[in-house]
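Starting from the known structure of chain P, fit chain V onto it as the hints suggest.
Residue numbers (my numbering), protein chains in the order written: chain P, 1356 to 1853; chain V, 32 to 473.
In short, the hints are calculated from the structure, not lab data.
Where is the CB? At the ideal position from N, CA and C, for every residue including glycine.
Hints may contain errors.
As the list claims (entries may be wrong) - Here's a subset of chain P near chain V, in silico, CB distances under 7 Å, partners left out:
| hint | residue |
| --- | --- |
| 1 | Cys1386 |
| 2 | Leu1443 |
| 3 | Cys1446 |
| 4 | Ser1470 |
| 5 | Gln1477 |
| 6 | Leu1572 |
| 7 | Lys1592 |
| 8 | Leu1595 |
| 9 | Arg1623 |
| 10 | Gly1648 |
| 11 | Gly1713 |
| 12 | Arg1834 |
| 13 | Ala1841 |
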Amino acid sequence: MTEELAHTPEGAPVRGPRGLVFEIGAPESSCVLGPALDVPDLDSATLEELGLRQRPPRLPHVSELEIMRHYSHLAEMNFGVDNGFYPLGSCTMKYNPRIGEDACRLEGFAGLHPSQPYSSVQGALQLMFELQEALAELTGLPGVTLQPAAGAHGELAALLVFRAAHIAEGDPRKRVIIPDTAHGTNPATVTMCGYETVTVPSGPDGLIDVDTVCSLLDDQVAALMLTNPNTLGLFEKRILELTEAAHAAGAFVYCDGANMNALLGRSRPGDMGFDALHVNLHKTFATPHGGGGAGSGPVCVTSRLATYLPAPVAVRRQDGTFALETPPDSIGRVRSAAGNFAVLVRAYTYIRAVGGDGLAEVTDQAVLSANYLKERLKDVFDVAQDRTCMHEFVLSSSSLKRRTGVRTLDVAKRLLDHGVHPPTVYFPLVVEEALMIEPTETEPLSALDAFAEALASVALEAQTDPDLVKGAPYTTPVRRIDEVRAAREPDLRWRPSD
Amino acid sequence: MRFVSITCEQREAMLAVVGAKTVDALFEDIPPAARLERPLDLPDGMSEIDLARHMRGLSARNRHAGDTVVFAGAGCYDHHIPSVVDHVVRRPEFFTAYTPYQPEVSQGTLQAIYEYQTMVCELTAMDVANASMYDGATAFVEAALMACRLTRRSRVLVAGSVLPEWAQALSTYASSGLFEAVTVPARGGAVDPGLVRESITEDTAAVLVASPNMWGSLEEVGALARAAHDGGALLVVAANPVLLGLLEPPGALGADIVVAEGQSLGGSMSFGGPGLGLFACRSEHLRQLPGRLVGRTVDVDGSAAFVLTLSTREQHIRREKATSNICSNHALNALATGVHLCALGARGLADIARASMAKARYLRDGLIASGRFKAPWEHPFGYEFALTFDGDLSGMRDRMMERGYLAGVPMPSPEGETVVFAVTEKRTRQEMDAFIREVGAL
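Chain P with its partners taken away, still in its complex shape:
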């Protein structure tokens, strides 16, 4: 590949992709040399016994400067929270405080081996224990494991906990009820845990239909899996009835905690009757998303279920020291380590930075900012549910599409030309041409206003020059991508013949 110049309508050149890292550097280039060997080298008999590679791996051969240039260029083609507004619904793209980045890199955290004796990692175990305690207080669910690596991983751990509890009580069950607004991970997790999914439609008010749920609750339902507030940004007002009905039928109730940013200090899933939830530390607790991970998905459960939690959990022993222990009826490990520790350090740092009052302010501002944006936009786009929302809300381009042929996808792509990351699109599935917007509490008012104006100007363009919108984006490092070709002719790795 040679350097490409993509031109905007205004003629400003933007640098697009350059060569792959395999295509730069001279074959003899290298960067980091191995240490001088201070012990006898391996003899040839040993090497032969071990079985040497027939052909060395074709790895890049570049100097340190070439590495920095290559990855700096890649970074310039990326968009992060530090680059601009990132109103992705259900993803909580808030600012990632830098002190967390510094804290997790302290040698006393980054340099710990998981097999160290507990006496040599008391600071780390104390941090984990205190983080567990903080999450228990915030969720009202006292049993906490920090082990799951992500939200979906937490869902899996929790459903296996439900399964173990039902089996222990001699009452194994088959089905899990989820609403049609659920994240895709919910039904996928249900399958991985050996259950069948029963999908319940939402009512016209955007809330789960309580009567339908009650009619489905029988002695084969293991759990009801909800998101509260739900993915339309609405609080499930009849949550107490739902959890009571489920419990009366012997089922557990799971809360997908993706939307915890709407609840801090206002309401606790444990007090709503939930038996378990996962918390996304990379959403609510400001740890970076990292372009897709690593995140962290701790699970909080009732005291009844704590005995089944995955091993290990951090405990404070009677003498005041900290240790890792396996709960008595643990389902076992769900991965190697006790948690994504470097992410736990960042989340702990964030909680200590803002404190209890600060966390309550986070939720208050997140909810106010979402309602403010909804008010500013409700005359420009259709609002899926025109009432007070929680931390996010859903718009629809349905009318716009009818009038102009411009779809949500086009609106999203045109927003890129305004330097804004688009909202979550085409989700939840129950809203046609959905745009799901979550501003988060960290955005300044000027960013919210600029976003409202950008969306309004795209809507206006859709009327005056729909083709302009349909052809967007123009100013990005690459333009609309041929995804069909990507799927039909999969090119998933470089080969030297390319």
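Showing chain V alone in chain P's frame:
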């Protein structure tokens, strides 16, 4: 500290636009019985100065690789990480980005992952690699599930020489009832391919092994592949990615799926997490591959461009019929691994594998010569090996930690409790001589 940028005055103006008198009015949908009517019982916020001091204080209560000599591995290794790695990873365009669902503004993440996928294929000698998974253990479990889908069988044989944490994760996932995991016992430091062959039945989907295994021994991958294939099963191999720089990769020995813990390629140990799950398979099995994939294509102008692809396998499209519930990957760790492998190159990686193996042999000989340790078996190994100790192992580790050494990882075996030592290229002869002397004098 406070990260909200909106002022009190602005908040009043926003409330006016919303038409609410107070923020409380926005929470009226919450039933009174579910409201928290008290302040959170959490400590107050802190200033940055105080918080930095507090975090340093907590970290100072840990011994760490900067003040101890690490001879422990078991899936988490103290390898050198070139400075350039963290300088790339700290670029905020990478670490403050979300999943690259909008490819036009995510070419950096996407291209970096495409390059990472290529490097994983090259290391393992496989056709296709995904964009990564949570860690080696979960990649191992996903490989078992994938093998069950591919063979339409529901039983996997797992070698008794696989790291206990990995075997436990497998058995936790098996509690779903979707598949059964049966252990083939390992003796003499490795699993016997003949015993594996005898254990395969017509519902065996896969044989799962680790090479090197929990004791550091290399398994007979070629013979295991033949045994698995003769029984209509697949072979899943968990590899050590550093050794792949020098030793024949599982892909060249007949493995169908290769997984690995990738922490040793550019990840800090960080108490074991986050890790990085390397996952690679053959092209004919692509449609059952779990996790994200990046592909190269073109944009409307014909420029090369990268995009997440084949997502009809994934949960956000297929929901309950997806290949896995995994939604994320460990993208930032995969980025670090890409940079790390650029910094080393094929030659640097081979040098590190060779240096680590040479040093491991030096330490092993020295420990045995000290008279306190014995070799439970003679078996080919990489840079990790098992010995038995003629005393209280846990007491020895505690006392050596006080002296500044992390003295191996205790590991059970049918031949009695062993301690498994790992020696990376970072260890010096001086450190090893001192350790041998001090542990011998206990």
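Per the CB criterion, is arginine 1623 of chain P less than 7 Å away from chain V? With a closest approach of 6 Å, the arginine 1623 of chain P hint holds.
Hey, does the serine 1470 of chain P contact hint survive, CB to chain V under 7 Å? It holds, given that the least Cβ distance between serine 1470 of chain P and chain V is near 4 Å, below 7 Å.
Once the shortest beta carbon distance from leucine 1572 of chain P to chain V is found, is it less than 7 Å? Because about 19 Å separates leucine 1572 of chain P from the closest Cβ in chain V, which is outside the 7 Å limit, the hint is violated.
With chain V as the partner, please determine if alanine 1841 of chain P meets the hint condition of a C-beta pair closer than 7 Å. holds (4 Å)
Taking the least C-beta to C-beta distance, is glutamine 1477 of chain P closer than 7 Å to chain V? Holds. Min distance 5 Å.
Is the hint on lysine 1592 of chain P kept, meaning its closest Cβ partner in chain V is under 7 Å away? holds (5 Å)
For the hint on arginine 1834 of chain P, does the least C-beta distance to chain V fall short of 7 Å? At about 5 Å, which falls below the 7 Å cut-off, the nearest Cβ of chain V leaves the hint on arginine 1834 of chain P intact, so it holds.
Using Cβ atoms only, decide whether cysteine 1386 of chain P comes closer than 7 Å to chain V, and label the hint accordingly. holds (5 Å)
Quick one, is the leucine 1443 of chain P hint okay against chain V at 7 Å, beta carbons? Cβ of leucine 1443 of chain P sits 6 Å from chain V, so the hint holds.
Hint status (Cβ of glycine 1648 of chain P to nearest Cβ of chain V, threshold 7 Å): holds (4 Å)
If you take the shortest Cβ to Cβ gap from glycine 1713 of chain P to chain V, is it below 7 Å? With Cβ-Cβ at 5 Å, under 7 Å, it holds.
Closest C-beta approach of leucine 1595 of chain P to chain V relative to 7 Å, hint status: holds (6 Å)
Hint 6 from the list above is the single one not met by this structure.
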